[in-house]
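Please model the entire structure based on the sequences and the hints provided.
So the protein sequences, as listed, match chains B and C.
In terms of this note's numbering, the first sequence opens at residue 38 and continues consecutively.
In terms of this note's numbering, the second sequence opens at residue 1051 and continues consecutively.
Keep in mind the hints are simulated off the structure, nothing from the lab.
Treat the hints with caution; some may be incorrect.
Stated by the list, open to error - Between beta-carbon pairs, the in silico distance windows are:
#1 C:Gln1152 to B:Asp294: 26 to 34 Å
#2 B:Thr171 to C:Asp1403: 18 to 26 Å
#3 B:Asp294 to C:Ala1099: 29 to 37 Å
#4 C:Thr1321 to B:Arg166: 28 to 36 Å
#5 B:Phe154 to C:Ala1429: 26 to 34 Å
#6 B:Gln282 to C:Lys1482: 22 to 30 Å
Just so you know, even glycine gets a beta-carbon here, dropped at the ideal spot from N, CA and C.
Below are the chains, spelled out letter by letter.
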Amino acid sequence: MTNQTPFSRRAALKFGASLGVTFLASPTFAALPQGKRKLVVIICRGAMDGLSVSPPVGDPNYAALRRQIAIPAEAALKLDGDFALHPKLAAIYALTQAGQARIAPAVAIPERIRSHFEAQDLLESGGDRLYATTTGWLNRALAAQSGRAITAIAVGTQEPLILRGSVEIQSWSPGGKMTQDMTRISGVLQDLYAPDPMLSRAFASGMQTENMAEGFSGGDMAKYAAQPQKAVHDYTSTTAKFLTQDGGPSIAVLSLDGYDTHANQGGVNGQLANHLKVLDDAVDGLHDGLGQSWSDTVVIAVTEFGRTARINGTGGTDHGTASTMILAGGALRPGGIVGDWPTLADGKLFENRDLAPTLDVRQVFKGVLSDHLGLDRRALEATVFPGSAGAPALTGLTA
Amino acid sequence: MTALKSMDGAIAVTRFGLGAKPGEMEAAADDPRGWLKAQIARDGAEQPAGSLPGTIDRFAAFGDYLAQVGILKQDGTIVETTAASASAAAMSEDQGKKIQEQRRADLQPLLEGVRDEIFARTRLATSTANPFRERWTLFWANHFTVSSAKLQSSVVAGPFEREAIRPNVFGRFEDLLVASSTHPGMLLYLDQARSAGPNSPAGLYRKMGLNENLAREIMELHTVGADAGYTQADVTEFARALTGYSIGGFKESGDTRGRFLYRPLLHEPGTRTVMGRHYAEEGQDQARAILADLAASPKTAEHVARKLAIHFVADDPPPGLVQRLRGSYLESNGNLAHLAETLIDSREAWSPDARKFKTPCEFVVSGYRAAGASPSDPAKEVVQPLTFLGQRPFAAPQPNGWSDLAADWAAPDALVKRLTWAAKFSDYYAPKDGAPVDVAATTLGERLNASTRTAIARAESRVEAFSILLMSPEFQRR
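Rendered as structure tokens:
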């Protein structure tokens, strides 16, 4: 299967040669203040199966490799002659049809590792190898911007590595309301925390965010705490409200889990399908919540690695290599598949078991950070993604 | 009693223990190390109180549920979810809805069983007179995570901890590892039960195949650690050796159902090579021999030593402590009681500087202990608040269990959530007698500092004073 889309790897290399021109010529860049531009990163933890997210229905080997968990072409949501989306990704599919979502079907982190936890570390730290750095690439991106206009928020009860580092970030998760008593106590606590930098920084930021969240109505957040999968649309549409506040953060990160499908993975329906529905709802919630700001937004949904090309012995798939990345948002430039398709042919599988990567996740991250958020290219290479010269930014993804 | 001694008492109770109950600070003050060592029990941990069903009963109840909702096949295997959903899709929407509701109702008793486990375990932690023993136990339960986040293991996560972990926490690491790796809870959670060798009879004639999940996580998480230098080939070889490690299915006879069962028909024949060592074909003893070698590996000693030092002392642990624990593990052949004594006798573990930030469960448990109370409502006092704080027991999102690092728990929002909980909790549980500063002294001992003491003394109510105590930096850390 060949790929005729404008962002094949070969095309990306050509783009690389004319980077400066593309960048400067970008007509809307000057017109749109940076502060308005939004970026949301959704980390799908557990190794999301790209071959189910965007089933390569045109690949002659797909059905045989996947047997009963293959997504049949007639059930899938057709993108082009070669690719489709999983039927549970209906909202994302609608975005693809409006030119506001695209898939990169064979992306991977720079090292070939199959440990969830090491791979998530590498995905989030942005290093060129494991343990190269202990901070997250998005935090280093915040540190690199001039003027520090862009801030970020972590959504959820735990702070993800991708946002850890020297720049203070906000965090928020749905939950109970503050009362008068708590407001009074919080003043006392600020003083007590003063000698403890970790606590004082975090608490001050938390109270500030909480005050902002007080102003939000709508969305049953208590329900979210009880049944996150059912209320994820409310969860992300509320997340979107932080992004649209005056002076609010421009970047949000949230995590979804449950993608580790070693057994009874299911196909059109079943375990993985349910979790893909959650992802679809999450993107849909952002779309609804962002309103007009959607046109200034890029959403990246990414996982640590993909799963084995063949179904395993227990109706599931084991840890693999390349997977699908989903790009969405009104700031995207319309287009087809991002990156080359390595095919599932004999001899093309990585180590004769996994989909082989054709695109490094960092290429997309770098492209979005520079084109969309206007980050300085030199800083990107030097501090945000050190050692990534071999993974040139994929430019031109955003308008 | 010297000041230093009582500082050690405060450290014993708050860092090694689960937070002071009234009177505990005094009990530990005279001989903090002796107080801790007396809690090392060769026959294992305490068990949560109450009549909690074991794996076999829980597994049978789960089988009944699956049969009831019609997704259990005659041969005892579960119908592929795709097929089940397809038949549901063929029904009218109304019918489908009714079935969904019925399923939910049928599932309810099973979910209540999980809630009972969470409640009983939390009550044990809030009430025990052996808090170091319990902290040590919870460390190992987290090391060998079986999560209720997956339906197939949800009903046996509690029994797994009571049956495989608790009896073995002061024995040999190898025994703990074997108990975990052969317990139905782990075999279900990490998808081992139906893994079959490609050249086994099941592989050749029933198209069953390999699942490498358990093999990988035993190596990466339970024993040698991800940086031990093994390859994908080692994982696959170990997975082949493990084939046959299974459980008696739903439709099998009463004396095998829900128990560990070695199935020779699933076992991949042949010699295996894992990390350079060869293992002859000996049926289930083949994987058993690999487990023994993994347990004896210096890499495992290092991995366990480091995790213990991180849990008890600091996110970035003193290298000397890690080395000493590693040595203790190797010289005692992984004797966990010996390892606990070494930890207690290590100077680095007694630094007055409290570097550990409590996890949400530790925070809530220590709150109850400070109040001299135990929760009485399973849903409202335990499951809901811990879910809200991000750490629902038995529900770690991934097989590596809950993080032990402050960076994961001290997010801005997390602190606000703690305050929300502390204020509500204090409304009900702030001690009704005694001066609030005395409560603070009983709770933190020598670790209570002057500014917190002043803030508590100035509080305008007992409730407010107790909230401040719970949220003070000394209480948040250990």
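Structure-based check of all given hints:
Checking the proposed 26 to 34 Å range against C:Gln1152 and B:Asp294 shows it holds: the Cβ atoms sit about 28 Å from each other. Restraint check, B:Thr171 to C:Asp1403: a C-beta distance of roughly 21 Å satisfies the suggested window 18 to 26 Å. Range check, B:Asp294 to C:Ala1099: Cβ separation about 32 Å, and the 29 to 37 Å hint holds. Distance hint check: the CB atoms of C:Thr1321 and B:Arg166 are about 34 Å apart, consistent with the given range 28 to 36 Å.
At roughly 32 Å, the beta carbons of B:Phe154 and C:Ala1429 sit within the given window of 26 to 34 Å. Separation of B:Gln282 from C:Lys1482 is about 43 Å and departs from the stated range, judged on CB atoms against 22 to 30 Å.
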